Amino acid sequence: MVAPISTLTTRQTTRQTHMIKRAIALLLLFAVGTLFASLLLGYVPDSELNHTARYYAERTAGDVGAANIVTAIVVTYRGLDTLGEVTVLFISAAIVGLVLAQDRLPSDAPRQPRVPVSELLSTGSRALTPLILLLGVYVFVNGHLTPGGGFQGGAIVASGMLLLLLADPLKQFSHQLISVLESLSGLLFVGIGVLGVLLAGGFLDNRLLPIGTLGELFSAGVIPVIYSLIGLKVGAEFSSMLASLSETEET
Amino acid sequence: MSPMSPLVFGITLVLCITMIGAALMAIRAKRLPVAILAAGLVSLVASILFLVLAAPDVAMTEAAIGSGLTTFLFFFVLARIRGAGHGGANIDADNEADNKADSHD
Amino acid sequence: MSFDWMKIPYALLTVFIVFNYGLLLGALIQKIGARAGRRHGIPIWQNYIDLIKNYGQRTSITHGVMFYLGPVFRLTGGIGLLLFVPTIYGSYMFSNLSFAGDLILALYFVFFGTLGMALGAGESGHPHAAIGITRGLSQVSVAELPFALAVFAVALQYQTLSVTDIVAAQQGGMLNWTLFTNPLAVAAAMLAFLGSMMRPPFDVVIAPQEIPIGPPTEYHSAYLALMQTNRAIFPVAKMVIYMNLFFGGATSWPEFAVKVFLLYLFSAFVGVCFPRFRVEQSIRWFLIWAVPLGVLAILWV
Amino acid sequence: MISLAQMAMAAGFILILIGFYGALTQRNLLRMIVAFTIADTGVNIVLVAVGHMRGRTAPILDVAVPAADAVARVIDPVPQALVLTAIVIGLGVTALMLAYALKLHARKHTLDIAKMTELKW
Amino acid sequence: MVSALHIITAALAAAFLMGLLKEQQRGLAFGITLVTLAFMSWISAGWLWTFASTDTAAVEIFTAGTQPPFAINLRIGLAEAALTLLINLTGLFSALALKDTLLALGRRAMAVWLVAVMALSGIVLTRDLFNLFVFFEMTVIATAGLVLLSEHSKNDGQALAAGFKYLVVSQFISAFLLIGIIFAYHTTGTLNIDGMAAAAPLLSGSAAQAFSLAFFLIFIAIVAELKPFPANGWALDIYESAHPAFSALFSAATGAAALFAVDKLLLIGGDAWLPMATGIGIITFIAANLLALPQTNDRRLLGYSSIAQTGLILAVLGQRDILGDHTLYIAGGLLLSHAVAKAGLFWLSGLIAERGLEAWAALRGHPVLIFAFVSFICMLTGLPPFPGFYAKWELIHLLAGEGRIALLGLILLGALIEAGYLFRWFGYIMKREAPAEVVDNAAHKVVAVIAALAAAWALSLVWGELSVLQFERGNLLLALPLLFALTFLALDPLPAWLKNTLAIAGLLAWFYLTYTEYDPLRMIFAVIFLIGGSLTLLASYHAHGQRSGFYPSAMLMFAGLAMLIRATDTFDFFVAWELLTVGSYFLILRGKHSEPHALSYILFSLGGAFLILAGFALATQGAPHFDLSALADLVQPLAPWVFLLLAIGFMTKTAAIGLHIWLPGAHAEAETDVSPMVSGILLKAGLYGLIVLLLTMGRQDFYGVELINVMLWIGAITALIGNLLAIFQEDAKRLLAYSSIGQMGYAMFGLALMNHLGWLMALMFVINHYVYKSMLFLSIGGVAKRTGTREMYRMGGLITLMPLSFIATLIGIIAVSGVPPLSGFGGRWIFYNAILTAEARLPMVIIFLAGPIAFLYLFRLIYTIFLGQLKDEFRRVKEAPFWIVLPQMIYVAILLVVAVVPGLVLRHVDSYLNAFFPNGGLVWEGSTITSQFGYWNPVAIMIIVGVIFMTLFAWLLFVNRRAQKVKQFNIVFSAERPFRPETTHFAWNFFAPYRKALGFLTLPLATMFWSTVTDLLHTAGDLARRFYTGNGQTYAFHLLAFVMIVYLFGMGVRP
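Residue numbers (our numbering), protein chains in the order written: chain H, 1 to 251; chain S, 1 to 105; chain V, 1 to 301; chain Z, 1 to 121; chain B, 1 to 1055.
Bound conformation, chain H alone (with noise of 0.2 Å):
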């Protein structure tokens, strides 16, 4: 009498547990809820820029030279930030490594079954592949100029090396010069940086190079130095992401 019991009121309790936890979340988001309400219908859009958006309005284009304004402000005003953003993507990329590189599949594990690679995604990958990087290049040299810049870029620099993963999902990158590539783009933005403070009027600052005229590629100082070795960086970041997550055996 009493197991059958115990496992059926193990089952009811464990619904019930779940009925009781949706129930609490429901209220808690309604909670939240009210708070996001009071939040939207307060709200007024502005009608004038306010003062800091009206400083970048009308500064950008004389202090930095660059057409793009969030470019201006993701890599000059705030480029601490960005530096900020950049760090958190390399140790996430780092960690990421660390964790799965620590957790090495026992040898005997059945071999992932892989469906053979068609023929048309080989082959295209590999055509795709060196435009895809041209493309990516090309979002991040003209960050200050177009919409995108280095993120942007960055990541499609890493799609690139994801078509390669997929068509060769045995290809082996070679970590090393991810890491080469990682590390000197992100020393030489810590040491521009640096050089703003001994050159130009302080950390980050773009002015180390003429911002030259406006609209034009060589131009806004180091933006796009910078930027590009953001793009750099970042797709290097991205793809040894990837590369970490996909790969089934250590390297």
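Where hints are given, some of them may not hold.
[Said to hold, decoys possible] Far from chain V, some chain B residues (derived; all Cβ distances over 10 Å):
id : residue
1  : G157
2  : A208
3  : L480
4  : H542
5  : A1024
[Claimed, not checked] No farther apart than 20 Å at their CA atoms in a straight line, the calculated lysine to any residue pairs in the SDA-like style are these:
id : chain 1 : residue 1 : chain 2 : residue 2
6  : B       : K967      : V       : G64
7  : B       : K967      : B       : E873
8  : S       : K30       : H       : M19
9  : B       : K871      : V       : G64
10 : H       : K21       : S       : A29
11 : B       : K967      : V       : L69
12 : B       : K965      : V       : S60
13 : V       : K53       : B       : L957
14 : S       : K30       : Z       : D112
15 : B       : K871      : B       : R794
16 : Z       : K120      : B       : P294
17 : B       : K592      : B       : I370
18 : V       : K31       : V       : A268
19 : B       : K965      : V       : I61
20 : Z       : K108      : S       : R82
21 : B       : K22       : H       : V180
22 : B       : K965      : V       : Q57
23 : B       : K431      : B       : G356
24 : B       : K965      : V       : T62
25 : B       : K22       : H       : A101
26 : S       : K30       : Z       : T110
27 : B       : K967      : V       : V65
28 : B       : K871      : B       : P978
29 : V       : K31       : V       : V258
30 : H       : K21       : B       : M1044
31 : V       : K7        : B       : V947
32 : B       : K878      : V       : G64
33 : B       : K264      : B       : I61
34 : V       : K7        : B       : T928
35 : V       : K7        : V       : I17
36 : B       : K22       : H       : Q176
Think of the hints as simulated: they come from the structure by calculation, not from any bench. Keep in mind it's a predicted model, so treat the numbers as computed, not measured. Note that CB positions come from ideal geometry on N, CA and C, so glycine has one too.
For this one, chain H is given, so just place chains S, V, Z and B on it according to the hints.
Positioned in the frame of chain H, the structure of chains S, V, Z and B alone reads:
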């Protein structure tokens, strides 16, 4: 100050509804890959929304990173977990039991 | 009140008188008790005979230093108590050595002999001695309480701790006695008195039946003789205190004799009438009956 | 008439709530991470929506928007810059969580978060 | 000066550089890591030196060549420099302690480590809100990564799960943070913290409302990083599972950085948000301490403690409105104390192989590490001379000055609970069986601990100097008595006899130096504390070898005592009080089985000390200095409260009934020569406190209750119950301990009489109790030492074997019982004269009852040990060691002298007391002493009794000249010879009838009460911790619930 054109309004509304629908799908989907794809769709739609909101930089980033790379990361991990073979076949087991319990209600 | 050398022979005289009176009184009371029980009783000089016999015994043994000193402590306590209190009111001769201290000295000196005795008996190594002592201490610690309360009621009443002054305050007629001016205190004190006299119903300490004779079990010969000497002096010394505090003191030896006799008789009378208590029973009895009286006496002053 | 920004913002908030709900109720680690990416997207939408201003253009200076009248023509660029950072950081966290999930699965052969409670009290 | 920016760039450059190294060049990578961290520390140290030594304003660091708020700026000032130095040094030493792990994991782990440290510095330095977010995210990710460091050695996936839980929670936090930041930006138009702080008050209407909501989100998100209760389950799992060296960073550095971030935020929010910070902080402080009570895992316990301390500091930050300029001094003192101590403890934890608290007993063989541990826990509990003490003092005073009593009470309550588990732990270390695993003695790990230790003492010095500069108080570390005590730490390797000589010389020299300063009243105490102390120390010559740890503890106690009587203001007094408490705790803990008793001692003492602190604080009312004599000027309604607090505090030390349960165990289990110190000497400190209190405040009316009458009752009941309980003890030293309780009751009663004779009697008790209780503890201790037991019924018949001890005991009990002619009688005589003047009669009845009871236990003491039947196993027992007997004999001499000429001491005191109680003094005529009621002539009594006694003795000798000594069993025992001494020695359950009659009075009500209190606390902690289910999702629920509850409560009460 030009009034918002009905077209833009309509597009935005559709985008928002799509996003919310996709998000709900991602939460409620029975199969994990579907959920991941739905989440990717949310990002993709969001990047269009960013364009509408005059934020092309963000739109590009969201499209490339949010919907692209992230989705791939998920699939890589999923593949590795399935490949690892430790009960990888019923990776959704916990939630399926959960969902079944719900469907009886 | 100060010392001069004449006090010494006077004090010795007091001791002598009280010693003899105590021996006779003890025998007399015992005889009265026997007659009440339709027995013949001991001869009136029996205590003298016992004393001489014990002092005269040739063989004697000792268990050690404290054993040896026990009776000395005991008798010192008795004599000291007697001498620290004036015996006859208004008499320079019999004011004894009371210049050394007041009532508190007397009250605390009671314990001098008890403590020495307990130590001496303890060294004998006889368990019965120890058992008797624990019973005695247990009982006394509570029995003394109403007495102490009564004493303080009296001291508060007369605003002095000097025995002479207390007696002086009670002169001029019987109605000035504390007995009538503060009956509650006297009642409490008299109940305590019963407890301290080692007579039934509070005599389980020396328990004649179960344990040979309590603390003095191992004592004999001259040791026992010293104790017997003390047994003559000590109760009288105690009753002198009662007499002085509650019953107007004594201005002459006859008055002294009568009052002490009556007090002694009181304890003997109760002892004949009531059966013996166990120690915890007597503790409770004192706490329930005597102590509240003492408390009331103190509050009432 | 609600503005575009408000509509987007509302959608963003709803996405956040949906994501939170998923993260709170799904016991599968991967599903929790999926839920978080949805919430992240919602946060990003809210951020961008806050900076949106009716009738203005993207903060990029070109022929259409000369530097001189940028102040009157472009929308607030700051939120966009912040969102860029937020997206990338979000990806970092997601990748990290995924790596954790992978490793946890390798260790414990389960993805159920309710079964990872050795440490408690 | 190198720009503080390079703290960030150096770390980043080094981290990025790691990628260029080969995977195998791990040594090089580790070297780079250390050098970089050292470089970062050097930058911070340079700035700290600049700001501390010169009056330099904080320095702004601009980036991007643009002024804030348009570009991110950093700022370094005094606080920033100190915090970054803390962070970087913690990072450096933790990296050292992590050497093995880092080398095994390679360059990537080191890069993450560098970034983590850098990110924390960034949190401190940045003045931009979003930049703060970025650094926080960096910290979160680095933390999640570094938690994995322990995975290397421990393959159970716990750290993995903990890291994941952390990530889950931080996702919620960062969502709130981002939303808050963007709305705050939207309303104020800036991301700069200072800009926002300037703009926020100007907002109005809906913008103000929106800003307040946004700020709430930011605030709560950053506060959530402080692991507030209850949203902190994840943090505990991290503390438990992570590598201790990382936990050190996580606790010390992350906590510090997050707190500083909250501080910056409060700058924006303004005073309106302070109550919320205080509320969250104090609840966290109490709850985390409560939850720490039932913990058995050292790291989890440290985790709870970290959370608690962080909560406390948050609460302090929330009091900034009243702390004003002192916020930095107070919060900084608490924060640095916490950080240094916690880092040190976590590093220590890395040396210990197992996780149970008892496993730390392995430390016992390492005096330096023990010293480190002690320093750390004293630092955490805020004992002098550590910074936390100064901070606590000022904090409590400021709170009391503003009438924030509830908060004050909660802080002290939490601190007491914290002291409870920390000192319990120390008890385990000193007393529990050491595990087989030895301490990991690797130099690079020990270095970290030593560094923390050095930092702890250096900070004490700094805070002492600051207290001199800011408040004109003394620097405790430079107080001569304390320095002298601390010197013994360095002298510890010397042989005990040498140190003993030094100690005695020190006490006497101090007395010589200071004796002119004391009035007669203080002189009594000075003589007891210093001369008496050196007399007791004579007994310590019996110890052989090195006696490690004894002298620092003892001299700490004596230092406290010496400082106590010289103290003129409340600060000095309280410092001395704490010192003597701690010193005596260490002394008591030295006993073999004293672990639980030492714990209850320190808890009661600290509880009492906290009450005293509260009392002083209330009395001070914000004044910078408060002379003890100024207590007299207090008026209603404050005065009775002050009186009450102080009186209870002092009565804890004198073991008044209800607060007495610590005493018997503590005094009984202490070492032979320690018992007289803690009983004969230390108890007097409590009386001294009461005397100071009563002299100044006297009678106080508390809602119609005359407080002095309450004390009278307490004294009487204490005397009764103390004596009664002494009767039933089988353990000789416990008997003496209970007797002390009773004696202290008498003394309190005397003081509470508030008249001339009462005080005289109390002071007489002070002297007498010192003499006879020291003597009795020594002689009984000597016996216990020789027989190896303290159970009296197992002894017996020792009089012939230990005659000197017997004589000391005999004289002692005669003196205690007050039987004439010895000195105890003098005390009784004064006492009875004193109570004749008392108005309250009922307590008098109780104290009467207590009197004769003393005879019972005293007789038991001497009879069962020295008289009765000697046991076979003790037939070869020798007299106690010379050095234990010697002081006893000196005490005997003192007792005899005082008995004959009590005027030697009493006269001076008597005439001194005339200044306070002009009426009712004694009259001294020749050798007769007269009061208004009676008279007493000690010389005459001694002569009379002596003459009678000697005469009778001579007479007995004469009539008994042939008496012969017989053997032990030659007694009349039911006509048989007894079989064995064990069955013949009547000793066990000695006063059985008494127990039957009055046993109900000895029900351990107080013990039951206090154990119920501790049980309740434990149960509460144990139940509450079930709340932390270990499920990361539950923790997310907690977080959301926390946010929402604070939202509802916090926003509900806001305008």
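Checked hints:
The beta carbon of B:G157 is kept farther than 10 Å from every beta carbon of chain V, the shortest such distance being approximately 67 Å. For B:A208, the non-interface assignment is confirmed: its Cβ lies about 70 Å from the closest Cβ of chain V, beyond the 10 Å cut-off. For B:L480, the requirement that its beta carbon stay farther than 10 Å from each beta carbon of chain V is met, with the minimum near 45 Å. Look at B:H542: its CB is around 27 Å from the nearest CB on chain V, clear of 10 Å, so calling it non-interface holds up.
Even its closest Cβ contact with chain V, about 47 Å, leaves B:A1024 beyond 10 Å, as expected for a residue assigned away from the interface. A hinted pair counts as satisfied when its Cα atoms are at most 20 Å apart, and B:K967 with V:G64 qualifies at roughly 10 Å. For the suggested pair B:K967 and B:E873, the alpha carbons sit about 17 Å apart, so the restraint of at most 20 Å is met. About 18 Å separates the Cα atoms of S:K30 and H:M19, which keeps this hinted pair within 20 Å; it holds.
At most 20 Å may separate the alpha-carbon atoms for a hinted pair to count; B:K871 and V:G64 meet this at roughly 17 Å. In summary, the hint linking H:K21 to S:A29 is supported, as the alpha carbons are separated by about 19 Å, within the 20 Å threshold. In summary, the hint linking B:K967 to V:L69 is supported, as the alpha carbons are separated by about 18 Å, within the 20 Å threshold. For a cut-off of 20 Å, the pair hint linking B:K965 to V:S60 stands: about 9 Å separates their Cα positions.
The suggested pairing of V:K53 with B:L957 holds, with an alpha-carbon distance near 17 Å, which does not exceed 20 Å. With a C-alpha separation of about 15 Å, the suggested pair S:K30 and Z:D112 falls inside the 20 Å cut-off, and the hint holds. Between the alpha carbons of B:K871 and B:R794 the distance comes to roughly 8 Å, so the proposed pair stays at or under 20 Å and holds. Straight-line distance between C-alpha atoms of Z:K120 and B:P294 comes to about 13 Å, which keeps the hinted pair within the 20 Å bound.
The straight-line distance between the Cα atoms of B:K592 and B:I370 is roughly 18 Å, inside the 20 Å bound, and the hint therefore holds. The hinted pair formed by V:K31 and V:A268 meets the criterion: a straight-line CA distance of about 11 Å does not exceed 20 Å. Among the hinted pairs, B:K965 with V:I61 is consistent with the structure: their alpha-carbon atoms are about 6 Å apart, no more than 20 Å. Straight-line distance between C-alpha atoms of Z:K108 and S:R82 comes to about 14 Å, which keeps the hinted pair within the 20 Å bound.
Between the alpha carbons of B:K22 and H:V180 the distance comes to roughly 10 Å, so the proposed pair stays at or under 20 Å and holds. This hinted pair checks out: B:K965 and V:Q57 have alpha carbons roughly 17 Å apart, not beyond 20 Å. About 14 Å separates the Cα atoms of B:K431 and B:G356, which keeps this hinted pair within 20 Å; it holds. For the given pair, B:K965 sits about 5 Å from V:T62 by alpha-carbon distance, which is consistent with the 20 Å threshold.
In summary, the hint linking B:K22 to H:A101 is supported, as the alpha carbons are separated by about 16 Å, within the 20 Å threshold. Of the pairs offered as hints, the one joining S:K30 and Z:T110 holds, with about 17 Å between alpha carbons and a cut-off of 20 Å not exceeded. A threshold of 20 Å between alpha carbons decides the hint, and for B:K967 with V:V65 the separation of about 13 Å falls inside it, so the pair holds. With a C-alpha separation of about 13 Å, the suggested pair B:K871 and B:P978 falls inside the 20 Å cut-off, and the hint holds.
Pair hint V:K31 plus V:V258 holds up; C-alpha atoms about 17 Å apart against a cutoff of 20 Å. Proposed proximity of H:K21 and B:M1044 is supported: the alpha carbons are some 17 Å apart, at most 20 Å. Restraint check: the Cα-Cα separation between V:K7 and B:V947 comes to about 14 Å, which is no more than 20 Å; the hinted pair holds. A distance of roughly 18 Å separates the Cα atoms of B:K878 and V:G64; the hinted pair therefore holds under the 20 Å criterion.
Annotation: proposed proximity of B:K264 to B:I61 holds, straight-line Cα distance about 17 Å (limit 20 Å). Distance restraint check for V:K7 and B:T928: the Cα-Cα separation of roughly 17 Å lies within the 20 Å cut-off, and the hinted pair is therefore satisfied. Between V:K7 and V:I17 the CA atoms are separated by roughly 15 Å; this keeps the pair inside 20 Å, and the hint holds. Restraint check for B:K22 and H:Q176: the C-alpha separation of about 8 Å stays at or below 20 Å, so the hint holds.
Consistency note: the structure conflicts with none of the earlier hints.
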